[in-house]
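> First to last, the sequence lines map onto chains A, B, C and D. Following the working numbering, the numbering of the first sequence begins with 1 at its first residue and continues without gaps. Following the working numbering, the numbering of the second sequence begins with 1 at its first residue and continues without gaps. Following the working numbering, the numbering of the third sequence begins with 1 at its first residue and continues without gaps. Following the working numbering, the numbering of the fourth sequence begins with 1 at its first residue and continues without gaps.
No wet-lab data here; the hints were simulated from the structure. Some hints could be false.
Heads up, the list lumps identical chains together, so a pair's fine if it works in one copy or across two of them.
Stated by the list, open to error - The list that follows gives simulated cross-link-like pairs (lysine to any residue, SDA-like), each with its CA atoms no further than 25 Å apart:
(1) K110 to K309
(2) K309 to T97
(3) K110 to T320
(4) K111 to P159
(5) K322 to R268
(6) K322 to D60
(7) K110 to Q174
(8) K110 to N178
(9) K309 to L61
(10) K110 to D38
(11) K169 to S305
(12) K169 to Q266
(13) K322 to R96
(14) K111 to E164
Note that the structure is predicted; figures quoted are calculated from it, not measured.
4 protein chains.
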Amino acid sequence: MNTIGTRLRLTIFGSSHGPGTGCVLDGVPPGIEVDREDIQREMDLRRPSGALGTPRTEEDLVEVLAGVVDGATTGAPVVLFIANRDTDSSKYERFRTTPRPGHADLTALKKYGESADLRGGGQFSGRMTAPMVAAGAVAKEVLRTIGVQVAAYTQKLGPIEDREERTFKEVRRQGRDNPVRAADPAIALDMIHEIMEARTEEDSVGGVVRCLTVGLPIGVGEPFFDSLEGELAKMVFSIPGVKGVEFGAGFRAAGLRGSENNDAFQVRDGDIYTVTNNAGGVLGGLSNGMPLDMKVAFKPTASISREQKSVDLERMEDTTIKVEGRHDPCIVPRAVVVVEAATALVLADLCLRGDFIA
Amino acid sequence: MNTIGTRLRLTIFGSSHGPGTGCVLDGVPPGIEVDREDIQREMDLRRPSGALGTPRTEEDLVEVLAGVVDGATTGAPVVLFIANRDTDSSKYERFRTTPRPGHADLTALKKYGESADLRGGGQFSGRMTAPMVAAGAVAKEVLRTIGVQVAAYTQKLGPIEDREERTFKEVRRQGRDNPVRAADPAIALDMIHEIMEARTEEDSVGGVVRCLTVGLPIGVGEPFFDSLEGELAKMVFSIPGVKGVEFGAGFRAAGLRGSENNDAFQVRDGDIYTVTNNAGGVLGGLSNGMPLDMKVAFKPTASISREQKSVDLERMEDTTIKVEGRHDPCIVPRAVVVVEAATALVLADLCLRGDFIA
Amino acid sequence: MNTIGTRLRLTIFGSSHGPGTGCVLDGVPPGIEVDREDIQREMDLRRPSGALGTPRTEEDLVEVLAGVVDGATTGAPVVLFIANRDTDSSKYERFRTTPRPGHADLTALKKYGESADLRGGGQFSGRMTAPMVAAGAVAKEVLRTIGVQVAAYTQKLGPIEDREERTFKEVRRQGRDNPVRAADPAIALDMIHEIMEARTEEDSVGGVVRCLTVGLPIGVGEPFFDSLEGELAKMVFSIPGVKGVEFGAGFRAAGLRGSENNDAFQVRDGDIYTVTNNAGGVLGGLSNGMPLDMKVAFKPTASISREQKSVDLERMEDTTIKVEGRHDPCIVPRAVVVVEAATALVLADLCLRGDFIA
Amino acid sequence: MNTIGTRLRLTIFGSSHGPGTGCVLDGVPPGIEVDREDIQREMDLRRPSGALGTPRTEEDLVEVLAGVVDGATTGAPVVLFIANRDTDSSKYERFRTTPRPGHADLTALKKYGESADLRGGGQFSGRMTAPMVAAGAVAKEVLRTIGVQVAAYTQKLGPIEDREERTFKEVRRQGRDNPVRAADPAIALDMIHEIMEARTEEDSVGGVVRCLTVGLPIGVGEPFFDSLEGELAKMVFSIPGVKGVEFGAGFRAAGLRGSENNDAFQVRDGDIYTVTNNAGGVLGGLSNGMPLDMKVAFKPTASISREQKSVDLERMEDTTIKVEGRHDPCIVPRAVVVVEAATALVLADLCLRGDFIA
């Protein structure tokens, strides 16, 4: 369904080409300071950035329809709405007969039949991440009350990879200063170049978002099926384009020996910490006090202007298609704030469930 | 909680060192043929294999306590119970003061305090995968009624990687013939050697399980948050030791161009298929008719006999620990059937939700 | 939480004195014809009726924010919004120190503390039934596709009781023709008189709403805890003022012998029916093909202008209070359409769960 | 489904004529003292009492399969199992062709077809209340930690009604001393006589159970749909035979004026209380600090030995049936502890959700 979460429960609605998108966030504790401007700032990070993004220009202005009085939450559901302004669905009709490779056109037609909304639409649209980001802004305020902070960056973009072990502070400082959301200005330039090149070649490019969370108390996560990793992964895989999720050493851990992968405990200044963080901040489905370290793989944007092989569903024969719609050569930079929002929503829910937030 | 699923709902219970473990599987349609022996066969695949596994020897005999009459399900909840026989918890007490690296000892103590059950215990124990496998055997029977089949194998074990693109038939044929569950006999020998070596070195080794599903109708998966990948990932991350999940090209897709990653459609013999399967059988959160292709990364077993750095919680100073308990140098071969079970449970639930099963 | 339902899932939001109220209805099948005017007609039935109701006058205009395109649902969540126009919260502040008898003022203060919204507010406000009615209008359209119809009437109002066994057709024909929603014009006059009298005496009066549903297929209701009665009762008790729910003979059945209460089966024209309907259309938690017959008891409006005994929370001593706010001497006539909406929402959900609706 | 509850989650399983019945109770806090003997004592209250009950004699011995170590809960799911001993299903087959009036035979056949388990069975069997009582015994221990106590009694049995306003102490003292669970010995004799008479006449009789709860903190109950009354009603309607639920003045309130029904606040010894308790301890869906007062109406047992009108489903013609099975002339005395258990389970869940229990 369009609802997720247990004590902090998010419902998203709307579509790419209707009146707008929005969300209901139920379970927000009363008294959380929520400013429309704060939410808007997060929304702006999701907007396409000049030459790097789609020509579709949405201002994505957030309205607060319920749940906030005098700048603070009341305990009632918070409702946020983002009106659509620039909608152009004319180009979508023909995908009913010639499905786009890498898109859910054919799949949706088979599942929902004639009533399927392919117009950039519904559950398959990256536009549904707009209300996720808006809700995430509220979740971040909830987490702030217990000192938890989330920050993500573009760790890899096509072949360009940031191989440095970045600290939360670095990410926080650099990650919002360049349009590709890289943690290092030099790498940012390479990534920008890669996107421009893909665009020139009428192609697109994928990447990896890494998300760090600090300040998380020990023990966040619920028994067995509602593990910290499981809840995060479920949320993150709802973001269109995600093909993989890993924590800490992740897939690399599969090639290690236990003696290499185990994070040794040490005492420093009266606190226990681990020397390495191969666990990525999670042990046994619970946060262990080290920074939470998650990586999310995004495939390259499926929509490319180049000619691609497809099929003609009416004649049932091979054909080709050029997807002329407005699209990003790379969604990764815009996805950075979406991953942050997804993370914040899950963590706030789990912190409420574990009574870490009053 | 210890419950997962919407229309096929699994609740697991028990612990490593109590009377036993078991599960309630609610929502199984009536009339599914379920044989205790079939379930037992799956359980046997999860047992440690001779010199490769833990010396703890459980027969893991399954009892059917409810929901099956005359070899068929009645529509009432199916209850399965697996008595523990060989329990030895004497070695666990000291981990309360000297936590094992890579384990949740310290984390659980912080979350649950004195009442934490560390005795190989509870949500942190690989033993809870026993009822998952038992329930998975029932889910496989549910899927069989619509021609869906699941098979997994060890695709990587430490540095030994199977780089071939395996077909479902190969996996089905080879994957149960060798103790490491490899899809190729020669690779199996290398993997066995790797495990023996790790054991000799008082160390452990991780790996990757790849799970293929064929016969899935188009359109399995529910809107937005309940995507096929999201539901699978949540379930899979509840298996102890999992650090990453990816579908199709997965993390590799992040380095590709859209023109490389998009799977071109073609018509063949009146059917539409894609030439490649970088999508791993999922588009827009829905199955697309191609084989479902999931990879799951397991870290090396945390318990190793070697001396490791830890801390003394009473004196709050550094110390070392040797974990003498009975443990596997590699859990990956045993995890293969667990990943299959997890997959079958999620797919059966989603097929019921999407009315693919009457 | 503010969410209810499994396959048809309703989330309500807003408050009596903020920008408005609304709802998200997820799981509505695609292709259901939904007209804003149809919804509005239901809303109008909930409005206070002239001299009989509160002087607060809300037009309660419904806006459709999402989920409906070209007059039909798309399968995406339907979002309805009702702006507040006439809000006057000035009179509520003093109830923080002198709680109103029969209201949740004191209770809410204890639970939510200073942040409690008493301004006619939140979960305690009859105003939240506005989005329930709007959503119920959509649920009625869903039910109409399989020929299920719901109609309620005022069966009792204070001492005035309609003792006739009413048919669905009578209720349908008469129940919308008089302002008290009685099934008989003569009884309607008595009821109107009773309300006028209560108003003159600065008092209020309660009543019973009886809700009949016809066309329900046999077998609606889910196993054990999700029984037809249980799901209905949970929804109905969320309507402010409800103190009792019964089905068929209800509390009267407790005084009968089995031989009197059992409904004898008979064959008529090739169909099986029961001679009596003491079961109220439900056996074993499932609909049995006879009309569903539910009665809902409403207490008299708690707000009365008369002086009442209360306490001064600051001085902790006895005092008196006169509640001057705008309120209905009797909410029962307005509650009739709310009970219909609640019933339709639950039945549509259960019909979807039981695959009675494609 | 067979699961209910949010933070304290009950799943029941089994059937009347299989190996047994049982339950999983997830979310029980660790450290609750649970004694098998305490559970057994509750079970014994549910057993038929000599000449008053069914000749079917089950010892109903409870086994604790998981979740309790050394007499205290561990935080893991508590699993209880009750083996069936005395099963005789021979008499049920013919109800497939001649359905019993007042039973779900016909309804279940229509819904579940041939696979329907009519053998006293499944969701339609009063036997499923055995695991509810067992789980309720644990819930009572959870509530005891915060001083909440639940006690019910037979307030009405056929025409015999106990019109006294009983205190919790009276109910506690008298209600377990007589086989009909009446709050007064003289009334008990009348009730016993009534049951004997019904039995002699090959008939059955219904009744009302009243359940009082004391010690409940103010504010128990969750927003809107998860109201205290709604959650209780849903649970209670899952008990076979229940036809009505009311709180406080209940249906009687519908005939009162607001000035009569509102409970006036008073200060006494520094505490606020209400002079009357027409609200039954609930205002706005939240407990208000007064005793929680719920009444539950049970219909007379449907199974009676007398000849009744039914239909022959094969010939589709009228016929008669005599139900020879073993059954109670009145289930009300046995239902008293079931209502207590249902109440305790819901209250413990809501107290956990509202953080009234650590």
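> Please go over all the hints and tell whether each is borne out by the structure.
Hints, one by one, checked against the model:
no.	hint	result
1	K110 to K309	within (20 Å within a copy, 50 Å between copies)
2	K309 to T97	within (13 Å within a copy, 61 Å between copies)
3	K110 to T320	within (21 Å within a copy, 52 Å between copies)
4	K111 to P159	neither (36 Å within a copy, 41 Å between copies)
5	K322 to R268	between (59 Å within a copy, 22 Å between copies)
6	K322 to D60	neither (28 Å within a copy, 48 Å between copies)
7	K110 to Q174	neither (45 Å within a copy, 34 Å between copies)
8	K110 to N178	neither (41 Å within a copy, 40 Å between copies)
9	K309 to L61	neither (38 Å within a copy, 50 Å between copies)
10	K110 to D38	neither (41 Å within a copy, 32 Å between copies)
11	K169 to S305	neither (39 Å within a copy, 37 Å between copies)
12	K169 to Q266	within (23 Å within a copy, 49 Å between copies)
13	K322 to R96	within (14 Å within a copy, 62 Å between copies)
14	K111 to E164	neither (44 Å within a copy, 33 Å between copies)
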